[in-house]
Amino acid sequence: SAVISQKPSRDICQRGTSLTIQCQVDSQVTMMFWYRQQPGQSLTLIATANQGSEATYESGFVIDKFPISRPNLTFSTLTVSNMSPEDSSIYLCSVGVGLGRTDTQYFGPGTRLTVL
Amino acid sequence: GDSVTQMEGPVTLSEEAFLTINCTYTATGYPSLFWYVQYPGEGLQLLLKATKADDKGSNKGFEATYRKETTSFHLEKGSVQVSDSAVYFCALSGASYDKVIFGPGTSLSVIP
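Read top to bottom, the protein sequences are chains A and B. Under the numbering used here, residues 1 to 116 are what the first sequence spells out, in order. Under the numbering used here, residues 1 to 112 are what the second sequence spells out, in order.
Same shape as in the complex, but just chain A (with noise of 0.2 Å):
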C-alpha cells in the first residue's frame, strides 16, 4: 500500500490566480495521476505523471493549464492556472501500485479548490 499526502487540503482562491497542489508518498512509486472530481460527479483523469518524463495529458486536458512537476519518485505538484470558478472542484493525486501494471491505486485525500 502506500500512504499518501496533498497540501493544501483546501483553499479558496480568486478568478485569475494559479494553484500548486502537492503530493507526496511515502514510498517511491513509478507512476502518479492527477484526477479532478467536480462537485457530485466522478472522476476524471487530468494526467499521468512518470518521474523523468513529460506528463501525459488526457483529452481535455492542456500543459499550459495544468502544468505538473515529478521531480523524483516520492513527489509531485500540480498547478492550476488562470483559474475561473469551472475550475472549482476537488483534485486528486493517486499512485500506482503493481505488477507491470496499475493493477492497484491509492489515492490521497484531495484538495478542495474554491475559485471565486
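If you are wondering where the hints come from, they were derived from the structure by calculation, not from laboratory data. It is possible that some hints are incorrect.
[As the list claims (entries may be wrong)] Derived, one-sided and incomplete: chain A residues facing chain B with beta-carbon distance under 7 Å:
1. Pro39
2. Ser42
3. Leu43
4. Leu45
5. Gln105
6. Phe107
7. Gly110
Backbone N, C-alpha and C fix where the C-beta goes; we use that ideal spot for every residue, glycine too.
Put chain B on the given structure of chain A with help from the hints.
Chain B only, in chain A's frame:
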C-alpha cells in the same frame, strides 16, 4: 473506448437491508476491476478488487465477483449499516494501459 456503467443513485436503504449496486464494463482484453468508496468529506479508499474472471473480491462484508461472460462486477452486502453511507465507485484498469477509469458513482444512504 473502455468505460464503466453503474446503476443510478441515490440509493436509500434501511439498516440491515441487502445491498446490490450494479456495475457493468466495456473493455478490451482482461481488465482488473475495483470498487472504491468515498465517505462524506473524505478521499477515495479501495474497497475491494478482482483481477481475473471468476475472482471474488471481498472486504468489510462487501463482495463482488468478476463475471466476464456478463462483463459485470456487482457489489453486494448482506446487511448494511448506517456507517456504510457513502458514494461507491466501480472502476477498471485496462490491460493495455496504466490508468483507472471510474464509473459515475452511486450514492448510498442507510437509515436507522
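Item checked: Structure-inconsistent hints, enumerated in ascending order -> Number 1 only.
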